[in-house]
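The hints should help you fit chain B onto chain A, whose structure is shown.
Each chain, written out:
There are 2 protein chains.
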Amino acid sequence: MKKSYFRPVIDAMAGYVPGEQPKIDKLIKVNTNENPYPPAPGVFDTLHAFAANKLRLYPQPTADIARETIATLHGVDIDNVIAANGSDDTLNIAIRSFCGPGLPLACFNPSYSLYPVLAQMQEAPIIRINLAEGFRMPSDAAEQAAPANLLIITRPNAPTGNAFPMAEVRALIENFDGVVLVDEAYADFSDDNCMDLVREYDNLIVSRTMSKSYSLAGIRFGYAVACPELIEGMMKVKDSYNVDMLTQYIVRAALSDQEYLDKTRSIILATRARMEKELAKLGFTYVPSQTNFLFAAPPDNDGKRFFDVLRENAILVRYFPGEVTGRYVRISVGSDAEIDKLLEVAARLYG
Amino acid sequence: MKKSYFRPVIDAMAGYVPGEQPKIDKLIKVNTNENPYPPAPGVFDTLHAFAANKLRLYPQPTADIARETIATLHGVDIDNVIAANGSDDTLNIAIRSFCGPGLPLACFNPSYSLYPVLAQMQEAPIIRINLAEGFRMPSDAAEQAAPANLLIITRPNAPTGNAFPMAEVRALIENFDGVVLVDEAYADFSDDNCMDLVREYDNLIVSRTMSKSYSLAGIRFGYAVACPELIEGMMKVKDSYNVDMLTQYIVRAALSDQEYLDKTRSIILATRARMEKELAKLGFTYVPSQTNFLFAAPPDNDGKRFFDVLRENAILVRYFPGEVTGRYVRISVGSDAEIDKLLEVAARLYG
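Chains A and B supply the protein sequences, listed in that same order. Going by our numbering, the first sequence opens with residue 5, and the numbers climb by one from there. Going by our numbering, the second sequence opens with residue 5, and the numbers climb by one from there.
Treat the hints as calculated values from the structure; they're not laboratory data. All of these numbers come straight from a predicted model, not from anything done at the bench. Wrong hints could be hidden among the right ones.
Said to hold, decoys possible - Quick list of in silico lysine-lysine cross-link-like pairs, DSS-like style, CA-CA up to 30 Å:
id : chain 1 : residue 1 : chain 2 : residue 2
1  : A       : Lys7      : A       : Lys308
2  : A       : Lys267    : A       : Lys285
3  : A       : Lys240    : B       : Lys7
4  : B       : Lys27     : A       : Lys58
5  : A       : Lys240    : B       : Lys27
6  : A       : Lys345    : A       : Lys281
7  : A       : Lys308    : A       : Lys285
8  : A       : Lys240    : A       : Lys58
9  : B       : Lys285    : B       : Lys308
10 : A       : Lys345    : B       : Lys58
11 : A       : Lys267    : B       : Lys58
12 : B       : Lys285    : B       : Lys30
13 : A       : Lys240    : B       : Lys285
14 : B       : Lys58     : A       : Lys30
15 : A       : Lys7      : B       : Lys240
16 : A       : Lys27     : A       : Lys240
17 : B       : Lys58     : A       : Lys58
18 : B       : Lys27     : B       : Lys240
19 : A       : Lys240    : B       : Lys267
20 : B       : Lys240    : A       : Lys308
21 : B       : Lys30     : A       : Lys58
22 : B       : Lys267    : B       : Lys285
23 : B       : Lys345    : B       : Lys281
24 : A       : Lys30     : A       : Lys345
25 : B       : Lys240    : A       : Lys27
26 : B       : Lys345    : A       : Lys58
27 : B       : Lys267    : B       : Lys281
28 : A       : Lys30     : A       : Lys285
29 : A       : Lys308    : A       : Lys281
30 : A       : Lys27     : B       : Lys58
31 : B       : Lys281    : B       : Lys240
32 : A       : Lys308    : A       : Lys267
33 : B       : Lys30     : B       : Lys267
34 : B       : Lys30     : B       : Lys240
35 : B       : Lys285    : B       : Lys345
36 : B       : Lys285    : B       : Lys58
37 : A       : Lys58     : B       : Lys267
38 : B       : Lys30     : B       : Lys281
The following block holds chain A by itself, in its conformation from the complex (with noise of 0.2 Å):
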């Protein structure tokens, strides 16, 4: 066999599979948890009027302009945030900040199937944390961390879409000796979040993304907060000019629309709350979400035979293989309209 030049580690990484983007007709598309709904009407406004002549110049490499109004949304100072290629980027800033050999890496399982290949990269130990029964945090989960460097809690957390008790998370943040980071994608579409957290303790680092409630997954934008010291550490490992400069400017267009968030936020809560109900009535089970996505189980609990009969039917949802998420899929709040046609497939197998 030829030599391979890779880090060993690399080699032996399968590396992280991203939800499936194929190319079906008519294809409903309810697998990646994307928005159905356009980003805010400034976002298309400031793409249409955009002077393409200022592409030639780097953008600002800290992307003050988006810093800005994430600072004025939750009233914090501009040295409290840093500004990533989405949140993917931020994760990826963290752990190489946090984590490398004897600096081990603490997530929840199941969570983000991110958070380990990302640690793994930097050969740091990974200690996974089993949620207990109805994916809630065992018991014993502080002293599972403490070897820990970096914790990563998911809250609202995926693929389950539950969201830990704030009290909870509070005792965690508080009784472990390192870096806590609150992976806070869905915390739009939840009733709390940890961000005014924020003041209160200098081992917290909240992360958010715009890729979901925001409508603007393809602008790869996310963002963190947390105290000065861990921002100035985080910005010396980022790429230097890690934020184009149309996204910047979209991001401002987008986060300063707050009434536009509501509205859209508002419509996804009502469909997310409709598919919980009507699902029920076919005998699924089901996380109570805080997300916009739901994890349903089928009355069979066969989750891969529901996924693969929703392909069928051109409709695409995740499926987890694993002894307990195996039993669920992932289902993204789409459109009424696509929930719709899902809700009819799953009358016609279950009814």
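The following block gives chain B in isolation, referenced to the frame of chain A:
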């Protein structure tokens, strides 16, 4: 002192300092090698016709729209191409793929100062190969690079602007028992380039950017061409959605207009020739340039003084402190009007 949560190597890092982007009125900005001319007309059309609603979706993860165009342009297969969020992302991916403790990076000195920063983050030993008189490759470059697993050859080199002879580059690739990355950020301004060598050597990666010759620093796009095995491994290291959706379409538009590239390049090469001639008349020495910048030393070899006086006149160039580099300033090839103003200041000082 409060405990640091960061990896010790991150605390020790100064971080890469990008070229200054100051807010001076009517500034002539010839410090970061941006292109003075607008991007291709197709870029404007793409941007203004773009259906912003699509931004709600994730981009295609491997940027195939862009990769197909790149493959056609260079006469390679799509499997030979990886797309990145700017050339810095390509470098980051390569260094994370091939460098770490016991897997050193070799690069030339002076060269792009980001390389050692990225290697430091990987805790990879750094072998700096000092350039010989006239910024030529030293004759023992292969011996010096031998312990490294990745060798970066910047061709044309920055900030010096010269291109090492092809025969010497070829000899290095053949005699090096690791991966060679030729950073061709400026290759479109050079008499020749290494792209065709990718077909001959399975340890060669050629890196390009859209930031300079295509006048698209704002969109963040770079790519690398190599054998499929190297590309496949690097794909595991890149962020899943590292290139945003708009960028993918803009890249296709820009790369498809080679006529426009030729036109703007011709103007830049003519301006560069005039800069060389006029500065020589004033007693400057310079490195004959194969790039869109000129590394030029004023008659008194006091680069800092020239930098300062230019700055007082609202003209920003780049100055690199150091015994040899400090004699020079690096001047991007701006528009003719911009360069005229710079020449006026130079004539007042040294004429």
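Hints the structure fails to honour: 1, 13, 16, 18, 19, 31, 32, 34 and 36
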